[in-house]
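Enquirer: Quick mapping for you: the protein sequence lines, in order, are chains A and B.
If you're matching positions, the first sequence starts at 1 in my numbering and goes up one per residue.
If you're matching positions, the second sequence starts at 113 in my numbering and goes up one per residue.
A few of these clues could be false.
Sample of chain A residues lacking proximity to chain B, with all beta carbon distances greater than 10 angstroms (derived) [claimed, not checked]: (1) Pro8; (2) Asp96; (3) Thr110; (4) Val112.
Within a straight-line C-alpha distance of at most 30 angstroms, the following computed DSBU-like cross-link-like pairs (lysine-lysine) qualify [to be verified]: (5) Lys41/A x Lys167/B; (6) Lys9/A x Lys44/A; (7) Lys22/A x Lys41/A; (8) Lys166/B x Lys41/A; (9) Lys165/B x Lys113/B; (10) Lys9/A x Lys36/A; (11) Lys167/B x Lys44/A; (12) Lys71/A x Lys9/A; (13) Lys67/A x Lys166/B; (14) Lys113/B x Lys40/A; (15) Lys67/A x Lys52/A; (16) Lys180/B x Lys167/B; (17) Lys41/A x Lys67/A; (18) Lys9/A x Lys41/A; (19) Lys71/A x Lys41/A; (20) Lys52/A x Lys19/A; (21) Lys41/A x Lys165/B; (22) Lys165/B x Lys44/A; (23) Lys180/B x Lys44/A; (24) Lys166/B x Lys22/A; (25) Lys41/A x Lys180/B; (26) Lys36/A x Lys52/A; (27) Lys166/B x Lys36/A; (28) Lys9/A x Lys67/A; (29) Lys52/A x Lys9/A; (30) Lys113/B x Lys44/A; (31) Lys19/A x Lys167/B; (32) Lys165/B x Lys52/A; (33) Lys166/B x Lys9/A; (34) Lys180/B x Lys165/B.
Hints are computed from structural coordinates only; laboratory data are not their basis.
Virtual Cβ for every residue (Gly too), placed ideally from N, Cα, C.
Spelled out from the first residue to the last, the chains are:
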Amino acid sequence: DTAVSQTPKYLVTQMGNDKSIKCEQNLGHDTMYWYKQDSKKFLKIMFSYNNKELIINETVPNRFSPKSPDKAHLNLHINSLELGDSAVYFCASSQDSGHGYTFGSGTRLTVV
Amino acid sequence: KNEVEQSPQNLTAQEGEFITINCSYSVGISALHWLQQHPGGGIVSLFMLSSGKKKHGRLIATINIQEKHSSLHITASHPRDSAVYICAALTGTASKLTFGTGTRLQVTL
């Protein structure tokens with residue numbers, strides 16, 4: 001069983017479209033995250049949720065809206081996609097202390 | 113300037129060599145992670161440490177909190193160690209990671 005699973009793995013879409021990426025963890029962790037890896041492979045936090053509550057929103061455009069229906073799921077919805085949104089998006093989860101950090105396999109988003 | 117700096121950016125080694133990757137940080141941390149990202153893209157946490165030294169197989173990670181510096185060592189390197197190694201500072205009560213720019217390691221036969 002995959003500990004942190006993201007879907008889809010690849011997403012190619014046109015500018016202006018709305019798309020969602022889903023993430024689920026079966027580790028019992030209370031904290032989940034979305035990270036973005038840009039074309040230079042630099043990783044940066046976008047959002048963090050603890051027990052369904054948003055605790056970090058790192059100056060991400062409001063076209064990006066995370067949703068956590070329960071503590072095992074953290075989805076990312078993106079409105080009006082732009083070329084600059086092309087990146088790899090990683091979901092992750094951890095215990096509150098930061099122990100057990102586990103990453104999903106990433107979603108490669110390409111906006112054309 | 114990044115809050116977390118790594119060196120070198122790129123490293124080529126021959127099989128069997130001892131490898132060191134360095135990480136310096138300017139923020140207050142609760143711990144530091146060393147991560148490995150293979151060409152396929154997946155990210156794995158190798159170590160989380162807040163003091164001293166940890167060892168797992170051929171990998172050793174050390175941290176000096178006073179000097180705000182950590183190192184990752186690989187002994188008897190092997191081509192399968194080829195990957196990007198990233199140090200990441202765990203900061204704040206929200207346990208967010210602030211990443212270094214990564215070190216791309218290539219181990220040749």
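Enquirer: Tell me the hint numbers this structure goes against, listed in increasing order.
Expert: Numbers 2, 13, 24, 31, 32 and 33, in rising order.
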